[in-house]
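Asks: This is what each chain is made of:
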Amino acid sequence: MKNINEGIESLAGIKSNLFGKDFLLTWEKSDNDLRTILGVAEVLREMRKQNISPRVFDSGLAISNFRDNSTRTRFSFASACNLLGLAVQDLDEEKSQIAHGETVRETANMISFLSDFIGIRDDIFLGEGNKYMREVGAALDEGFENGVLPVRPGIVNLQCDMDHPTQSMADLMHLKDIYGSIESLRGKKIVMSWAYSPSYGKPLSVPQGIIALMSRFGMQIELAYPEGYDLIPGIVEIAEKNALESGGSLTISHSMEEAMKDADIVYPKSWAPFHIMLLRTQLLKDGDKSGLKDLEQLCLSNNAKFTEWEYNEARMKLTKNGSALYMHCLPADISGVSCKKGEVSAPAFEKSRIQTYREAGFKPYVIAAMMFANKFENPAEALSKIMERDRRRFSF
Amino acid sequence: MKNINEGIESLAGIKSNLFGKDFLLTWEKSDNDLRTILGVAEVLREMRKQNISPRVFDSGLAISNFRDNSTRTRFSFASACNLLGLAVQDLDEEKSQIAHGETVRETANMISFLSDFIGIRDDIFLGEGNKYMREVGAALDEGFENGVLPVRPGIVNLQCDMDHPTQSMADLMHLKDIYGSIESLRGKKIVMSWAYSPSYGKPLSVPQGIIALMSRFGMQIELAYPEGYDLIPGIVEIAEKNALESGGSLTISHSMEEAMKDADIVYPKSWAPFHIMLLRTQLLKDGDKSGLKDLEQLCLSNNAKFTEWEYNEARMKLTKNGSALYMHCLPADISGVSCKKGEVSAPAFEKSRIQTYREAGFKPYVIAAMMFANKFENPAEALSKIMERDRRRFSF
Amino acid sequence: MKNINEGIESLAGIKSNLFGKDFLLTWEKSDNDLRTILGVAEVLREMRKQNISPRVFDSGLAISNFRDNSTRTRFSFASACNLLGLAVQDLDEEKSQIAHGETVRETANMISFLSDFIGIRDDIFLGEGNKYMREVGAALDEGFENGVLPVRPGIVNLQCDMDHPTQSMADLMHLKDIYGSIESLRGKKIVMSWAYSPSYGKPLSVPQGIIALMSRFGMQIELAYPEGYDLIPGIVEIAEKNALESGGSLTISHSMEEAMKDADIVYPKSWAPFHIMLLRTQLLKDGDKSGLKDLEQLCLSNNAKFTEWEYNEARMKLTKNGSALYMHCLPADISGVSCKKGEVSAPAFEKSRIQTYREAGFKPYVIAAMMFANKFENPAEALSKIMERDRRRFSF
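Protein chains in written order, with numbering that gives the first Met the number 0: chain A, 0 to 395; chain B, 0 to 395; chain C, 0 to 395.
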């Protein structure tokens, strides 16, 4: 997109329901909601490029609550907040008094007196992460309704046990950018494939997020993994239903080789099996360290049976015209680079490396768009006003 | 307060002496100073609610120096700074070169070249925290007088061994909000009571801050604790003197039961005995780890004699109309919630839970007011100018 | 400088080549480049004093990547960024996913989608720090050229294994401030002397930075150290060449006593011997912990032979008029203060203490000037525009 005003105009017709709402799962959002997020993100991205400042907050805080490590998402969140004028304050649960046994609902209020958003990553415990975000949300509702908080801060899911919506939406924006429109995705074959990694316990949220989102646009989705490496069944069902409704399809298969045939897009990425994650969550809750060690050993030795699940040039040749679009949320486990044997061979990754950087680059704007649409009932109008006021991001 | 201009007008008549001064202890401040802080805080809070931006700094840093854990105060300080336009920079003494043996006076200058405020929490060592703040202050004076620093940054005490002025002032603002005016506090009975906690070594600064501040407004203060759990004698004396001068009273007693009778306001909260804190400070200074362990055991077993000091519904019934206002600086040790047996029973806490969140919500504005009054000789005039310029906190 | 407009005017005539360039080593920069940095820094400093806001970013991030501890430089970088309107986001490599084996070139792009600058400290590994900065730079070039990044963030070297340019330039600004002009430095004798410290492994970058920079202005440089405590030979050669070209001199000697005679300026500071740092780098790379311990012992016992290398009042008496200007990058190892026996005696340090604070106070403005000159092709014009717009840093 080069013409910002055209971008804003095309947004104006879409009726979304994002105002004042948290963004927790893509499958809770309507197609119009998703189109609005993409449209706003594109306009914000273009404004940034053209040195137009979309800053709408003169002051205000955004809280980041990372319960797992993060680089990309941390920086994307910080970038999005900064673009709109918010300062990020980290909730570092180790430096806080939360260890004293404070309840979630209390902490949620204590950090929110002057906050506009809370970004949360909580992807370690299956069945817990998304639940935690909803607990925070309920506490914020209570605080706002009872006059504790001057505004109800919005929550952005920065990855949970179920979904990774800022990632999948950035991926969708990347696809739209490459193919020109959401409509062009119809009929395209995308392979969400398990891939081998020497590490253990990778979250399920990316593959789940991808199949649940991409199934909404008429794509032919193939979900490929070694037997036993299932995702959360309920989310696969959602993807199946989406595929049915959108005129696409969802196939599950167990050979990377077979899956890659004629693929337009491939997304080879490791994850832990659903039943292992369930066990792990229980052991973590029980604080059973030796049990966790045993499970890790079991899991790694099981993984080791599938080192053949590496995306490489031979497999790339099987894809459409031998040049499917390779996607990854990064960092990828690259054989011979970041590990001995991993998700992708070095030459295969190198071919698409810059492409994956571009893919990652959409995330700050997706997050900013989620925040923007939470705050402005009519995002198109707000963006128009920003164009009118004509404020530079960088100037004297 | 709904009408900001009335709030500003009522401030205009009060002559305070806060300009360019640190805020270290409430008992160093005049009544007019305290009224100014409250008045400015109320105006700032209302501005925030009405989307008026009181930002007065286009750039500038505020340093936070937390030598003990914090959530509420950390976020309150960050919120206050952000509201006025300052970016917070943490002085993390572990990541710094301070371990190399740097002197306080050097560090104080090194972090202040472009700083407007330093917020300090140092509540672990009895006899040290407040002293440290004054050392920092003296170093800043020296730096400013010698042309090292372009401005003399103000210091805000975010809790020391003696006082916790941002807490007690937020508590006072809460009382003013509930009872309508400072004058209405006259004659009210407030019970600052020790309460049982399974943890050890809680600072004395909250109870000390409460009795020293609330005694200035004609309240009937009852300080209740098990024998031996004394506060710093010199601060109790200050509270006694204040009570005498303000036409109130200060009684010390040793039964929670008795103390609660007919109370308007109760503040049940654990603390460590003064003489234990003295011992602990010495052992910490000596690095005597086994001594510290022994002391902790002794102290915990001593505490365990007083598990009956729990605020619960039976005790609530003894208070005025069975419904005294319950206060706490949070997080409270809630029996059956954050610990087996603690300061307050779950049902008693639940009745006032939202109230305590509101109480905490005044802190960011109290801190902002302390900074505001340090920077503007005539705060009422500055607030008027802010109203005139009519800048939105959130807008396009 | 009092008159900002005169400062800007004198800048206008200097043709520099800093626009869009990283600042990694002073010896890669022309004299005009250095004069531009100093001139811009002086104007920015005076603007700050006169409450004129030089903020040029409405939003934007600056990344700090500290691979070693820092207080002064961390706060100086934060101050500089804040002055220009950028928010600092720390890249904390422990909290990130970089441990997963991510490549430098990937991380460099991931943190830069909305960044304008990256400040890097990497001074631990000889032969690595500066190289790392160039790797980051090459990755940013690649990202920018391939449309991954909307702008190419500038890199500021916040200390590497070779140079500490923000320190040496702040030191130069301090000398200019004291002697009135760069021209007045001609003929002055400056002694960069090794000094004893009980600590081990101090970087070489400060002495190297000082001799390589100060040799460009016709000064008589004496580099004094115990035999064996050499600096990186290639950098000493650069300083020798500079001295020759500028009409100054560079002498190497091995007696602090002798060196101090008739000195105008003295810079007594500890560092580790070049060959020890080489060994240490290899052992660190090999993860050879016992080898590192042995080396540390060897090094400390070797250091202990030179406790006489302390700058004290007796040595001060040998300097010109017994009152040479004492310089230090801080924190100094002060005998009887921060250690038993160190680089400088307490009375000698005390005489110049405030002076060293002032010296440190130039660093934020030097960093801000490096960023400013990277962003504006014509810094003088940009500063003029800032004067015209007349925006206050602090106001209602």
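If you're looking for bench data, these hints aren't it; they were derived computationally from the structure.
A portion of the hints provided could be inaccurate.
One copy or any two copies: either way a pair holds, since identical chains are not told apart in the list.
What the hints assert, rightly or not - Straight-line distance between alpha carbons at most 35 Å, and here's what the computed DSBU-like set of lysine-lysine pairs gives:
#1 K260 x K340
#2 K20 x K350
#3 K340 x K319
#4 K350 x K284
Asks: Since the copies are identical, ignore which copy is meant and state whether K340 and K319 lie within 35 Å (CA to CA) inside a copy, between copies, both or neither.
Replies: For K340 and K319, the Cα distance is within 35 Å only inside one copy (25 Å; across copies 66 Å).
Asks: Go through the copies and call it for K350 and K284: within, between, both or neither, with a Cα cutoff of 35 Å.
Replies: between (42 Å within a copy, 31 Å between copies)
Asks: Have a look at K20 and K350 and pick one of within, between, both or neither, based on CA distance no larger than 35 Å.
Replies: Between copies only: 29 Å across, 40 Å inside.
Asks: Quick one: K260 to K340, C-alpha cut-off 35 Å, is that within a copy, between copies, both, or neither?
Replies: within (23 Å within a copy, 63 Å between copies)
Violation of the numbered hints given earlier is absent; every hint is satisfied by the structure.
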